Amino acid sequence: MDLNLLIALDTLLREGSVAKAAARLSLSPPAMSRTLTRIREATGDPILVRAGRGLVPTPRAVAMQDEVRAVVERAARLLAPGAPSRPEEFVRSFAIRANDALIWSLGARLIARAAKEAPKVVLRFVPEGDEDVDALRDGRVDLDIGVQGALGPEIRMQQLSVEHSVALVRKENHLASGRVTSKRFAAASHLLISRRGKSHGPIDRELAKEGLARHVAAVVPSFGAALSIVSTSDLVVTVPAGVAATAARTFEVVSFRIPLELESLAFAMAWHPRFDADPAHAWLRDGVRASFRAPK
1 MDLNLLIALD TLLREGSVAK AAARLSLSPP AMSRTLTRIR EATGDPILVR AGRGLVPTPR
61 AVAMQDEVRA VVERAARLLA PGAPSRPEEF VRSFAIRAND ALIWSLGARL IARAAKEAPK
121 VVLRFVPEGD EDVDALRDGR VDLDIGVQGA LGPEIRMQQL SVEHSVALVR KENHLASGRV
181 TSKRFAAASH LLISRRGKSH GPIDRELAKE GLARHVAAVV PSFGAALSIV STSDLVVTVP
241 AGVAATAART FEVVSFRIPL ELESLAFAMA WHPRFDADPA HAWLRDGVRA SFRAPK
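With full-length UniProt numbering applied, the sequence shown corresponds to residues 1 to 296, in that order.
Nothing false has been slipped in among the hints.
Dumping the calculated DSSO-like pairs for lysine-lysine here, alpha-carbon to alpha-carbon at most 30 Å: (1) Lys-183 with Lys-171; (2) Lys-198 with Lys-183; (3) Lys-198 with Lys-171; (4) Lys-183 with Lys-209; (5) Lys-198 with Lys-209.
Quick caveat, the hints were computed from the structure, so don't treat them as lab data. Since the model is a prediction, treat every value here as computed from it, not as a measurement.
Given only the sequences and the hints, what does the whole structure look like? Please build it.
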């Protein structure tokens with residue numbers, strides 16, 4: 001199979017549509033259909049089959065998709081002019097997926113590093129969504145930062161820090177002074193951060209073990225909204241310790257240890273192995289590591 005057919009196969013599998021693949025490769029739909037016929041003849045497999053009004057990949061197509069993508073990318077790197085190795089020469093746009101609390105606490109440091117070392121680099125912070133690994137595989141996300149769940153076996157991952165959760169309140173809050181017991185903590189009004197609107201979590205389960213329950217006054221979808229509310233009210237919000245330390249430098253808020261046995265938060269970054277030897281991506285990963293090591 002020649003390289004053009006591999007590129008066409010990669011595009012067909014990514015788009016799942018002859019018309020969309022044709023548009024992406026600047027071909028006419030009939031020409032793309034003829035190319036699909038050639039691919040079917042070369043592989044001995046239908047590759048894409050009709051399902052209702054659309055097309056779905058065959059089991060063999062699904063099995064070969066990642067390998068085809070990797071071959072096309074390796075060929076593109078091999079045939080491309082030599083990639084720059086010095087940060088000041090990088091001309092890239094990186095999509096970094098993270099929740100807004102991490103963006104808030106790390107974003108300024110990463111942007112400042114890019115401005116100083118790689119001024120032609122653009123950092124695009126994208127919000128968390130379904131956290132699907134496909135976004136890393138197909139290049140929609142270059143680096144995923146957060147508490148990582150199960151990822152594909154080929155995905156690279158590196159731990160960045162292990163933090164505990166703390167409670168964050170404004171300085172005038174009565175919990176900002178004195179010893180905070182589990183009863184005193186439960187008696188306060190709480191603010192939760194949840195993109196899905198959940199009003200119950202690990203803290204509630206731990207309180208229940210002591211026969212306690214807390215009052216959740218509100219649930220907001222982002223850390224920015226929570227920080228704005230907590231800094232001007234008597235509500236309590238739970239955040240990672242590193243995020244709380246950053247917030248305390250900007251807002252009139254303080255943090256204290258939560259008097260419960262909560263699991264630590266292990267933050268890590270994940271990326272696809274095709275970027276292992278990429279100098280620009282290696283520079284980005286180094287910047288993320290340095291940002292996590294910097295004093296909070």
